[in-house]
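The opening position of the sequence shown corresponds to residue 408 in this note's numbering, with each subsequent residue numbered one higher.
Mixed in with the good hints there might be a few duds.
Below, computed lysine to any residue pairings styled on SDA-like, alpha-carbon distance capped at 20 Å [to be verified]:
#: 1; residue 1: Lys714; residue 2: Val677
#: 2; residue 1: Lys612; residue 2: Thr749
#: 3; residue 1: Lys486; residue 2: Lys612
#: 4; residue 1: Lys688; residue 2: Thr749
#: 5; residue 1: Lys505; residue 2: Arg516
#: 6; residue 1: Lys688; residue 2: Pro627
#: 7; residue 1: Lys714; residue 2: Glu764
#: 8; residue 1: Lys736; residue 2: Thr681
#: 9; residue 1: Lys486; residue 2: Glu598
#: 10; residue 1: Lys714; residue 2: Gly732
#: 11; residue 1: Lys736; residue 2: Glu446
These are calculated hints, taken from the structure and not from any lab test.
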Amino acid sequence: MRLTPLALAVALFALPAYAQDEDDCPSDEQLISSMSLAELQHYEYTLKNPEMSFEEACNDATEDDDEKAIGSRQHYCVKRSADYSSYNTDTGTVETAKVTMYDYVTLPRTGTTWNHRIRVEFEPVQGNAMAGLIVAPDVYCGSCTDRQQFDPQTLAGPGTYEFVAALGFDTENGMTSQNTQLVLTRFDVDETPIQMVAPQLRCDKIATTHYSGCRFSTYPSVLEISQSDADVDESAVHLRDAQMRLPGNVGRWSEDPNLRGEPLTRLKNVTAQTANRSAAKELCRSRFPGGPGAGQNCDEYPFASTKQGAALVPEDSMSVKYIDGSDNKRVGGRLSEFFCATARLHDGDEFWVSIKE
């Protein structure tokens, strides 16, 4: 019987922690065993609901293409509007409509197949330009190894119409792009009023060898930690203060590129991570000779799993502090999930940390 993540966490709780392999990423079982109840509930929800709804994905959609489209490493939505006119040979009149097309994708947590979705809305302007109109969105995915085109629909009138095509990219490491166009046919006349370009997609088994996955790699990678989250509040306060003090405001996130700190970069080498942790612990001992309080351990920023870790940068580029050990461990688990699953970062990929209130 396959256990749910919550049941699996209970079963694993009493077992010793697994040793991470040289891949540096924990397995799903390891991640699950370290999650809080709230994290487990969110994890189970995402497994049951792998795709965002149209409203979630496209609520703030704009008409920008590529990496400017509304989205994240795991989803995007592009909106485009155009006027459509058709000469009705039966009545000898020109009929017009406003067409709005949404092009959107939500990538699954793991795997290299996904659903490419299209929503098209037609509003009449003059006459009924939708009567007998054949709507056939077309998607081009240059490196896709699995391709399915959208099924065309013949309309009778205005309304909202949904289309879906399954795509896949079976590769150990590669990039692909997706271009979509809307083809409208009426009275044997074809028109293409809308064309769109999706953000670049990277599929790989490099971020972690435990499972393959795809992400929109041109979007910034941002780990969020909240000061109001009781599970990680001590870490959040330390990271916030460190980002304010350290040179270059390293890792500080802002939507405004001019206000962002210098990026952090992922470090996958386990030996180098161990050296960073050892150097951070030595800094804690020298800066806080009184030692940790009960249940505390040394928290370091930048993280040991970055190329800005304690063994790799000057001491004045590091912040260390004794904080609650369980809090520290939870952030470590979230960072692993972020590196290996949410953002799927390769060695040397940049990311930032957003500290929420």
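Hint-by-hint comparison with the structure:
no.: 1; hint: Lys714 - Val677; in the structure: holds (12 Å)
no.: 2; hint: Lys612 - Thr749; in the structure: holds (14 Å)
no.: 3; hint: Lys486 - Lys612; in the structure: violated (31 Å)
no.: 4; hint: Lys688 - Thr749; in the structure: violated (28 Å)
no.: 5; hint: Lys505 - Arg516; in the structure: violated (36 Å)
no.: 6; hint: Lys688 - Pro627; in the structure: violated (30 Å)
no.: 7; hint: Lys714 - Glu764; in the structure: violated (27 Å)
no.: 8; hint: Lys736 - Thr681; in the structure: holds (15 Å)
no.: 9; hint: Lys486 - Glu598; in the structure: holds (18 Å)
no.: 10; hint: Lys714 - Gly732; in the structure: violated (23 Å)
no.: 11; hint: Lys736 - Glu446; in the structure: holds (14 Å)
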